[in-house]
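Chemist: Protein chains in written order, with the numbering used here: chain A, 1 to 397; chain B, 1001 to 1259; chain C, 2001 to 2291.
In case anyone wonders, no lab produced these hints; they're calculated from the structure. Hints are not guaranteed to be accurate.
[What the hints assert, rightly or not] Covered by chain A, according to a simulated footprint, are these stretches of chain C (three or more residues, beta-carbon under 8 Å):
no. : region
1   : 2057-2063
2   : 2123-2137
3   : 2249-2255
Don't be surprised by glycine CBs; every beta carbon is placed ideally from N, CA and C.
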Amino acid sequence: MNENRRVPPLSRRQVLRAGAALGIGAGLAGRHGLLIPQALAAGRTLTIADVGVGDPGGDWSRFEQATGNEVNLVSIGNAPSAVVNQLIAGGGQSTFDVINIVGGMQKPLVDNDLILELDTGRLPNWQGNSYIEQYLAPATPGFQFIGYEDKIYGVPTVLQGDSFAYLPQETGELDSYAALFDPKFKGFVALEDNYTTAGQKTALFLKHSGQAEIEDPADMAPEEVKTVIDFMIEKKKAGQFRVVWSSFEQAVNLITSKEVHVIDCWEPMVFVARDQGHDVVYAAPKEGYLLWAMGAYVVDNPERSEAELADTYALLDFMLGPWYGAKITLLRGYMTNPAAPGYAKAHPDEFSAEEAARVAEITDGVQRKFEQGGTWQNRWPTHVDVYEEEWQRFKAA
Amino acid sequence: MPRAATASRATSALIWAGLGLVLLFLYAPLVPPAIHSFEGAATAGFFRNYAAIFHDERLMRALRTSLAVGLLVALIAPALALLAAEAVRTWRMPRLIIAIMLLPLFVPGISMGLATGLLFQILGIKPSLLTITAVHVLWALPFAFLIVLTVMASFDQVYLEAAYMSGANRVRAFLEVELPQIRQGVVGAAVFSLIISFNETIRTSVVQGGRNTVQTYLWSQYQQVGLSPHLFALMTLIIVITLALIALVALIDWRRRTA
Amino acid sequence: MRLPGRVRLSHLLVLGLPLLLIAGLILGPLLITLAISVFEKKGFWISPAFTLDSYRLFLTGVRLEVLERSFRVAFASTAIMLLIAYPIAYVITLRVRAELTRAFLFLFAVPFLVNYIVRTFAWADILSRTGFVNAALIRLGLIDQPLDWLLFSDFAVYLGLVTAYMPFMIFPIWLSLSGVDRRLLEASWMLGEPPLATFRRVTFPLSLPGVFAAAIFGFVGSFGEVAVSLILGGTGYQLLGNAVASALDVLNYPLAAAISTVATGLMLALLIVWYRLFDIRLLLGKIMGRA
Chain A
1 MNENRRVPPL
11 SRRQVLRAGA
21 ALGIGAGLAG
31 RHGLLIPQAL
41 AAGRTLTIAD
51 VGVGDPGGDW
61 SRFEQATGNE
71 VNLVSIGNAP
81 SAVVNQLIAG
91 GGQSTFDVIN
101 IVGGMQKPLV
111 DNDLILELDT
121 GRLPNWQGNS
131 YIEQYLAPAT
141 PGFQFIGYED
151 KIYGVPTVLQ
161 GDSFAYLPQE
171 TGELDSYAAL
181 FDPKFKGFVA
191 LEDNYTTAGQ
201 KTALFLKHSG
211 QAEIEDPADM
221 APEEVKTVID
231 FMIEKKKAGQ
241 FRVVWSSFEQ
251 AVNLITSKEV
261 HVIDCWEPMV
271 FVARDQGHDV
281 VYAAPKEGYL
291 LWAMGAYVVD
301 NPERSEAELA
311 DTYALLDFML
321 GPWYGAKITL
331 LRGYMTNPAA
341 PGYAKAHPDE
351 FSAEEAARVA
361 EITDGVQRKF
371 EQGGTWQNRW
381 PTHVDVYEEE
391 WQRFKAA
Chain B
1001 MPRAATASRA
1011 TSALIWAGLG
1021 LVLLFLYAPL
1031 VPPAIHSFEG
1041 AATAGFFRNY
1051 AAIFHDERLM
1061 RALRTSLAVG
1071 LLVALIAPAL
1081 ALLAAEAVRT
1091 WRMPRLIIAI
1101 MLLPLFVPGI
1111 SMGLATGLLF
1121 QILGIKPSLL
1131 TITAVHVLWA
1141 LPFAFLIVLT
1151 VMASFDQVYL
1161 EAAYMSGANR
1171 VRAFLEVELP
1181 QIRQGVVGAA
1191 VFSLIISFNE
1201 TIRTSVVQGG
1211 RNTVQTYLWS
1221 QYQQVGLSPH
1231 LFALMTLIIV
1241 ITLALIALVA
1251 LIDWRRRTA
Chain C
2001 MRLPGRVRLS
2011 HLLVLGLPLL
2021 LIAGLILGPL
2031 LITLAISVFE
2041 KKGFWISPAF
2051 TLDSYRLFLT
2061 GVRLEVLERS
2071 FRVAFASTAI
2081 MLLIAYPIAY
2091 VITLRVRAEL
2101 TRAFLFLFAV
2111 PFLVNYIVRT
2121 FAWADILSRT
2131 GFVNAALIRL
2141 GLIDQPLDWL
2151 LFSDFAVYLG
2161 LVTAYMPFMI
2171 FPIWLSLSGV
2181 DRRLLEASWM
2191 LGEPPLATFR
2201 RVTFPLSLPG
2211 VFAAAIFGFV
2221 GSFGEVAVSL
2231 ILGGTGYQLL
2241 GNAVASALDV
2251 LNYPLAAAIS
2261 TVATGLMLAL
2271 LIVWYRLFDI
2281 RLLLGKIMGR
2291 A
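Looking at chain A on its own, in the form it has when it is part of the complex (with noise of 0.2 Å):
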């Protein structure tokens, strides 16, 4: 099996950190744990940790043809805490080299020691990629989601603008998230149970209408949060939401299956709608997007040697390459990198015609919601506690 050979389940500063909360930290200070030095030869392999997205079909063969090494991916949930327990609890920092999650994290990450800054000129795909400087630059919001006090940790893998999606034959062409609060489609409508996404186009929403005083959707100060949570639960007491959904599979269903006819949702799941033949819209609403990124990050692992960081590196310049990113847009629907549409047509052999036709539509549609804005998704509000208490509220009301 692929398994990691890699060795000391936590940093001593965190075991003498974790072991000292717990009064045990002398008696542990000693401890190594099984330690097992590694061969630095090609051979090796580089373990990622992925949300499900970045899996470009299993098909790694060519970075492991051009590296020697081999990559295993390893399924891990989106959730903060999945990332952080992943690491902290399970192990991850001496098994997973990449993570590569939904960005706009690094606070956590970066103050527990769990991911490293990065040498972006050891990353030539870097240069060339014109969508950092354009959407991600710093002192813009973009890039929350892949630096942290001006400095980078993570690489752009993925890049999309959220709306919502209809069925245009239940409910006619919709253009404004006010849909998601009509009561002509009363308990026929759900939501992610997600503050970071229904609660900010809420926010968005609320602040374009003008039903509310609301500065920055993204960043929200707590009677921001109580406004838009109180709107909510008034909609919720009058049976607008037929349920909040927290899963992939749970949304595609509603869809499918007709149960909610306006959905706040992802748009790869209107893209597999469509695929199993249903009419189902993703919305241009004209109060803009919540616009996210990827970024695919560095596992700080004290123990690694030089030439396996080298090894690390040239896996997230594949991330940023041109067929990894054709390969992504064409099986999740998300805009990865910008040579992404020009390699999948010049390659036929690759990517057939009508493949390299979705890419670029794809890509130009993503770029268009860019165009538009809206608001950039915020994963770590300043207030964040109030969020959660906030939302909370919501779901016991």
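Mind docking chains B and C on chain A? Use the hints.
Modeler: Just chains B and C, lined up with the frame of chain A:
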């Protein structure tokens, strides 16, 4: 007990109808996955999704991990449960032992998984097949223990005493006298443990390290990208195979009796 | 039954060591959870301290309702499941031919081999507005509009829980019932007791170990459930596991630990109450011998 023949037959029919209804409810949720497993069959071949199962490398690896862990758990958990039951009998402090053995049942799965993961970290044990097995055994143990206790509750120790008086030592008496009588319970505990291990998702997800079990793989697919038809095909296949095995078991039992 | 002292030492090792290991692996994590629950939440990890803030947040906040609902649902669904599982086990013991019993019991266990999320999902499928039940009812002309309350309601949650855990309960009850010595029943009849009284005074008490085991399986299953609430419950329907998960989602480990500790504590309290109210010999039956 004497009864009027027709009343008895009517009662029988009612009873079987009731059983049938319950089985209907239990098997109803197995139908949608079976239906999904044939998605796209019209265009690409009837069993295309079933064939696709074997092409999914990650799924195959996860399956191997699940089976390996399941087998280990089915062997270890009943054995430990027997030891614990024996301890109850020998040391005569049933309340304490039962409380400890049942404790994992009372803790929400996710907390237990996380805390066990932290414990392993502090002890310097890195994630591996063994950590997954350990977590599964700890979860299956209360169930196995309760089952073994249940079956031992109707086992009369007079047989053991008879064995001791005939000169057998403790182990021999257990193996030759007690075990045959409680065998059903022990086998049941093993099967239970296997099923529980196969189903376990949350606790495993924290200590899995680089490995997937079928359940953690399904869980992450379900959460982030949706379930593809070949996953439904796998589940339907498992059900069909198991039902076939059950039919076989029924046949064997029937033959043995009427032989 | 007294055995020579030398044998008792070997008992200590053979029985004691594994049990100590198990106890360690069970109590260790529990102690860790307890410790974390009183730590301070600092940034995204924790710092050692002693504070009851997390408990206060949990017990005086909106989450308390989740705890209350979890208990209510667990108790109710366990009662329902017992009422269904017991007769089934009874019928299997008495009516099914011995040769077919094993196969029959396995038949009830088979649905477990399908991932419980997929099974729960299938119920969402069946109960949805366009699902099988509604479609059938409309076709039969019994209703005009799909029934909304079939899904995302208490009904759906109970249905999901009962079909998920009830089969678990059949086996232990059957084990107990099949261990009942038939001669005891015959003796009761010969003494003139009608069948109902025989059941009440002889059969049922002897089957209590199995009933207890089954009740625990059912209660624990329903109490710790996370998927059914998310997939079949309505907007924001949460059970305890969901509350812990969402506390973890914001990396609030002390809160998650506090919720778990409270839940575990309450369950332990229930266990102690049970110890007091019931003679444990009813559970242990003949395990403790004739003493």
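Chemist: Taking the hints in turn, state whether each one holds.
Modeler: These are the hints, each one checked on the structure:
Requiring three or more residues with a Cβ within less than 8 Å of a Cβ of chain A, the coverage given for the region 2057-2063 of chain C holds, as 3 such residues are present. Judged by the Cβ-Cβ criterion of 8 Å, the region 2123-2137 of chain C is covered by chain A as claimed, because 6 of its residues qualify and three suffice. Counting residues of the region 2249-2255 of chain C whose CB falls under 8 Å from any CB of chain A gives 4; the rule of at least 3 is met.
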